[in-house]
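Residue numbers (this note's numbering), protein chains in the order written: chain A, 1 to 367; chain B, 1 to 502; chain C, 1 to 310; chain D, 1 to 308.
Just so you know, these hints were derived from the structure itself, not from any lab.
Hints are supplied without guarantee of correctness; some may be wrong.
[As the list claims (entries may be wrong)] Label pairs and their in silico Cβ distance ranges:
(1) 93/D <-> 298/A: 53 to 63 Å
(2) 185/A <-> 256/D: 47 to 57 Å
(3) 27/A <-> 230/D: 45 to 55 Å
(4) 111/D <-> 160/A: 25 to 35 Å
(5) 27/A <-> 64/C: 53 to 63 Å
(6) 152/C <-> 137/D: 49 to 59 Å
(7) 89/C <-> 398/B: 28 to 38 Å
(8) 121/C <-> 289/D: 23 to 33 Å
[As the list claims (entries may be wrong)] Listed next, the stretches of chain B that the computed footprint assigns to chain C, with coverage defined by at least 3 CB atoms under 8 Å from CB atoms of chain C:
(9) 50–56
(10) 67–76
(11) 121–135
Ideal placement from N, C-alpha and C gives every residue a C-beta, glycine not left out.
Next come the chains, spelled out residue by residue.
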Amino acid sequence: MLAKTAIPIAAVIGALVVGLLAIAALGADPVRALEALVQGSLGSRDALIETVLKATPLLLVGAGITVAFRTSVINIGGEGQMVAGGLLSTSTALVVPDLPAWILLPLVLAMGLVGGAVWGGLAGYLKAFWGVNEILSTIMLNIVAVQLMNYLLRGPLIDPGEIERGTRIPQTKRLPEAADLPLLFGDDRLHSGPLIAVAAAIFAYILLWRTTFGLRLRAVGLSQESAKYAGVNVRWSITSALAISGALAGLAGAVLVFGAESHRMVTDGSTAGFTGNAGFNGIVAALFGGLHPLWTIPASFLFGALLVGGNSLQRAVQVPSALILALNGLVVLTVVSTDLVRRRLAAGTDDAHEAAELVSAQAEDTS
Amino acid sequence: MTEGPMLELRGITKRFPGVLANDDVSFDLKAGEVHALLGENGAGKSTLMKILYGLYEPDAGEVLVNGSVTSISDPADAIAQGIGMVHQHFMLVPSLTVAENVALGLDSSRRPFTDLDKVAARIRELGETYGLSIDSDAAVWQLSVGERQRIEILKALYRDAHILVLDEPTAVLTPQEVDDLFVTFGRMTDEGKGLIFISHKLHEVLEVSGRITVMRLGKVVGSVQTAEATRQILAELMVGRDVSFVPDKAPREPAEVLLAIRNLTVAGDRGLNAVNGLNLEVRAGEIVGIAGVSGNGQREFAEAVAGMRDIESGTIELSGVDIAGAGPSIARANGLGYVPEERMHEGMIGAFTVAENLILVHHDEDEFSNRGMLRFPAIRRHAERLVEEYAIKTPSIDTHGSSLSGGNIQKMIMARELDAEPAVLLAAQPTRGVDIGAAEYIHSRLIAQRDAGVAVLMISEDLDEVLAVADRIAVMYEGEITGIVDAGEAKREDIGLLMAGG
Amino acid sequence: MSDLLTTASLVAIVASGIRLSVPLLLAGLGETFGQRSGVLNLGVDGVMLLGAFGGYYTTLKTQNVWLGLLVGLGIGLVFGLLYGFISVTLRAEQGISGIGVYLFGLGVSDLLFQKLVGTPLPIPSFPELAIPGVSSLPVLGPMLFEHSIVVYVAFALVPVAVIVLNKTTFGLNIRAVGETPEAADSLGVSVGRVRYATTIIGGAMAGAAGAVLTIELSIFQQNLTNAQGFIAIALVYFGAWRPIGVMLGALLFGLLNALVLQMKTLGIIPPDASNLAAMAPAIITILALVIVANRFRAPTALTKPFVRGT
Amino acid sequence: DSGDDGGGDGGGDADGIRIAIVGPSASNDLAFTQSIVEGVNRLDGVSEAAITDGTFVVEDAATAIRNYADEGYDLVLAHGSQYGGSLQEIAPDFPDTQFAWGTAADTFGLANVSAYEAASDQGGYVMGVMAAGLTESGTIGVVGPIEVGDAKLYVDGFVNGAKATDPGVTVTVNYIDSFSDVALASEAAESLLSVGADVLTGTAQMTVGAIGVANENGVAWFGTQSNQSSVAPDIVVANQVYKWEVVLQDLVDAVAAGDLTSEVYEINFENGGLVIEYNDGYDLADDLVDAANAAIDGLKDGSITTGA
Ligand SMILES: Nc1ncnc2c1ncn2[C@@H]1O[C@H](COP(=O)(O)OP(=O)(O)OP(=O)(O)O)[C@@H](O)[C@H]1O
Ligand SMILES: Nc1ncnc2c1ncn2[C@@H]1O[C@H](COP(=O)(O)OP(=O)(O)OP(=O)(O)O)[C@@H](O)[C@H]1O
Ligand SMILES: [Mg+2]
Ligand SMILES: [Mg+2]
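In isolation and in its complexed conformation, chain A is listed as follows:
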């Protein structure tokens, strides 16, 4: 357990050192930078809230990723699945705006799940029944999702006000307040999204290790032959694993929309503009957490803090935001590169072992 946390953290620190050197090279004050990094992500109540909110989509996507990975499917379609979830939940809120909160809120969140599940399940279905590799299909489905988003926000879903004013900003009108994610402490911006995310991680854990369904998924992930022998419907399992992974990403999309300060969906023309790359970063968070849903909770927090701190660092010492992006990449690389060490140290602990086996199980079903 110690190795599980110590190694990734050491890796992160290593990457940060490099980052600070780069900052010094850019003529900015690394001490200030570091201060801002920590202050801006953990230093104050607002900073903590910022971090928690940033971690929320990472955790939702990451929890889904653990389910996919344990079934040995690589889901790099989180971006598109988040968009799909966001769009379906947004449309729902626009279609039935007058429902009471106690119906509308659960409904839109459910629609987020559905939208993502469809987007992910589609890739799963194509893989399981048509042999279309999920890497190809998810990359392509991301492209489809972004165009669908731009189409809908430019046309059917656009705020009528934008047409009248002629400003034509591709965004919906403010969504019904009944659908706002309730704030936890009234005044500040901490909404209930983080609770949903933690619940999702716990759900993923229970699903994988406490249910027969999860037993089947993990069996498929480790050995399709043994799974089939155990009577598991392998194709069905692969499809459902990607659907679940997508559903949680879709829920992340819905949380982004109904937890956003603007309480509306808006596009800058790219997926990242909406997702903030959580579809990718969630994968990283899941790895931080050793592909275990519960460990993904602190991992997401850590990575969220890094992203928030990075942005505050940028503001404080005015280095180009590109540096922060590069820094994230560096962190991912150092963490993933030291994973072997982590696995070695953690070897013997059940799921370290299982995660290790997974790597070798990957091959069989990459077809």
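Given chain A, put chains B, C and D with the ligands in place with the hints provided.
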């Protein structure tokens, strides 16, 4: 030219987590001799050879080639030293052609391009010299095990190995193929090559080798001139006590037919039919043993019966219900218990705990799950009980299946399958790769099942096992049952003949 | 519709489709080598961006496009080496490490661009080469034979890749290592060295693809590749790990995009529907694969690190 | 809290106010974000200008806006129409901080929020006028990103300007449905050339790709949002350039005076916030310059409307 050993292994020790695979082992090989290495499964034979071939680093000990100490830290070194190895598990790239597999890793006369035509020509020559004919352009996946075996030997010869290690080469061959192989052995020794021959089959060892070294639990327990050796002596050396080659079992009257297979045709992986219109009945309270050389459709047959493989035509009736093609769940639901041949990759999941593996196929039953939620107390109790009942050697029920020994993995699977009280039990190669102790135990379990009125169908390539355990013996050849005899009046020779298709 | 079928617009579509497919083709061919040997690199896009900036900056300073191409290729090569170290030596999870390379390349290329260049300035692009004779053919000439030199080079690399993979000892090693590393290992083939070689080739080709992109556009901008590297990876799967297949995929994708553009220009696609039309290339690519998918199998050892003796 | 923990260049104690800019694309994008950065740099009475660019993630932008306000910046520019929704929520939490939202026309009725927009349709119109005069083939091509906001405004103005000048010309618009795909923008330009366009324009950051094509084919190019002459010295005819300082100066002065403002500012030819910067490298027939000036005057005195 046969003075002074061409190869010498001194005090080799190799430790794996939890196992002392080789314990101060010494071994030598003279030019022109066949030196047999004998031992139960897990005795450490392959490990010793893998060290010789540079696949494992020994913890201690040294290797001498032609009298001088040499360090062999990877296969390239071994090859350079004129050492060739035919691995127990084939080292071939299925998607490549024979010539490509042979040429792999060799310099080409036409660098950077391959010179496969030259390679093919040389393969033909070697084939004629050593009696190993093969089509160089065929893709390996299309070839029979016997042919693949030949490629492995050709690979070594092509690199003019003087020292050739053959790790259980005969396990997968028909009697005829074995004879041909031994002819090839003769030609190689005539040229002064030295052969290390690993096998479990005593009569083969006695037939072909000049010297025999026996290993047990990682140690050398004896080395004898073949001339002075007998089956009994070798068996006792291997096991460390005298072995009952025949388990005791009371005669019993079979009752109604529980498994009826009619005109079953099953396609193999390459599309050709592996099972052709096979008919067979198994009755309550009898053990039907299927003898045959591997690759005659036994695997496909077993998978079809277990619901793991779709069938082309025919019926498989379990207590009257046709389950052909319905899938494993359905087969099991109708009373089938199945001990698969592919123990590691099919029967269990290495990264699952013993407890998880013990419910792998029954996790859906009310005892172990309640509306989709696993019931851990019940699962643990179940595991504890079976570990106890079936004497499964494991540190705990939370240990990973993969850390159990072959014999105990098999016991674990048997425990799971038998505890479900099947009406029909299908056991494929139940004792392959398990030591004689566990084998005896498994045999007694199978017989107990039969006595309890279960219809037992056992598939084995080990004729002695079939003879010892089965009530009726059905011989399978090229996807068909070529004959059924009562174990009572079965003669080894006749069955051997049937196995060869004669 | 009728305007679409005029030779003028057909020429435009095909020529444009070919240009669009070149970076995808280059990066895809490189990734094919890696994957054939069992290594997946999801970071292609990041390497492309780094190669693109290197190529741009060099060309800007020297005004020599070939030097620019060389530098882009060299940068890619270095990152290929790095990725080899991460995935082969450190045996990092390949589904994830590539994302790190991607984010790193995306950030660093933009950072260097802002610090070293600032306001984008134009650079020369590759000389065009009208193939004597054929280029004067009526329709085919302008369609196929009036491209810049790198276009021909890129497509010439396809047969080269086919030959390397299928006719050379190196290619034999690659295929063996990607399918059954333990077999290759048992014959003294160094699995690690082969995989390093292919990740380096993959990196170099990705870097070159980026350089070609920036030089052909004669400009650089943050995130210039706009995820083309990911599409290139997808096309490796589309092409079933065969250079010809990857080429067909790249052409399909490029041509579909060009077709959509031309249909917009001709007003066949109304602005309101244009986003929907923009989905077509992605959707059709998937559908096209559905038809061929099951015929081919991925290299057995893909994404599977090799450890001797297990 | 004290303003001292914000901003790179040494706190806000120097005379003048502290401005923070949050922009969606790179500050050297030759387009949207660059225009505001340059504008702010030309302002008087500014002691410090902090920039967070490349903030295409709306939630990150919201955070940056909030934090700049929190760190005591006097004027925070939310320079992205997609930021409006967030600003509407943030501004009330900082009643003493002045915010400005661009490009937009809505202040949400908040006392401390102003909005600024560019009458880019005006510049577009004038460019259209010149383009119509310049084309010989009678076909003009436009490369657009996604048909929204400022881009749509400019394009519509351009089309109308050209049509008004010569109803005979055809203006073909190609929206490539991306703000970032430079390669696609370049191919869109090629596609426009294939249907005979001999004059091109385009808007948003990805159009650098299209400029390259215009350059190679020696086709005239009209730029907008900032001066693009440097990218193609030979073929850029003129650029519509945003002089945001013209309207922002009022805001800065007000803030310096301690007042809050809730105005909608528009830069246009009238107030000199929009200017046509001609490229000296390109010799443009005088009559076209006259036509352009005529159009500008007409737009100033309202005798001409862009119809966008
Ligand atoms: N891994 C799983 N997760 C959830 N439900 C499953 C799973 N496996 C099977 N099921 C459910 O049980 C049904 C029957 O399961 P089963 O494994 O027998 O599939 P099948 O229809 O027999 O196909 P096959 O013969 O290929 O296994 C499936 O259709 C599905 O609804
Ligand atoms: N790579 C390994 N890691 C851990 N343990 C191993 C490994 N290889 C072999 N062992 C263990 O070492 C012991 C000797 O194995 P080895 O394969 O040498 O036996 P063998 O005599 O070849 O048996 P067989 O007749 O089944 O081939 C066994 O207990 C086996 O489980
Ligand atoms: Mg062995
Ligand atoms: Mg079934």
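Evaluation of the provided hints:
{"no.": "1", "hint": "93/D <-> 298/A: 53 to 63 Å", "verdict": "violated (30 Å)"}
{"no.": "2", "hint": "185/A <-> 256/D: 47 to 57 Å", "verdict": "violated (37 Å)"}
{"no.": "3", "hint": "27/A <-> 230/D: 45 to 55 Å", "verdict": "violated (25 Å)"}
{"no.": "4", "hint": "111/D <-> 160/A: 25 to 35 Å", "verdict": "holds (26 Å)"}
{"no.": "5", "hint": "27/A <-> 64/C: 53 to 63 Å", "verdict": "violated (31 Å)"}
{"no.": "6", "hint": "152/C <-> 137/D: 49 to 59 Å", "verdict": "violated (30 Å)"}
{"no.": "7", "hint": "89/C <-> 398/B: 28 to 38 Å", "verdict": "holds (33 Å)"}
{"no.": "8", "hint": "121/C <-> 289/D: 23 to 33 Å", "verdict": "holds (27 Å)"}
{"no.": "9", "hint": "50–56", "verdict": "holds (count 4)"}
{"no.": "10", "hint": "67–76", "verdict": "holds (count 3)"}
{"no.": "11", "hint": "121–135", "verdict": "violated (count 0)"}
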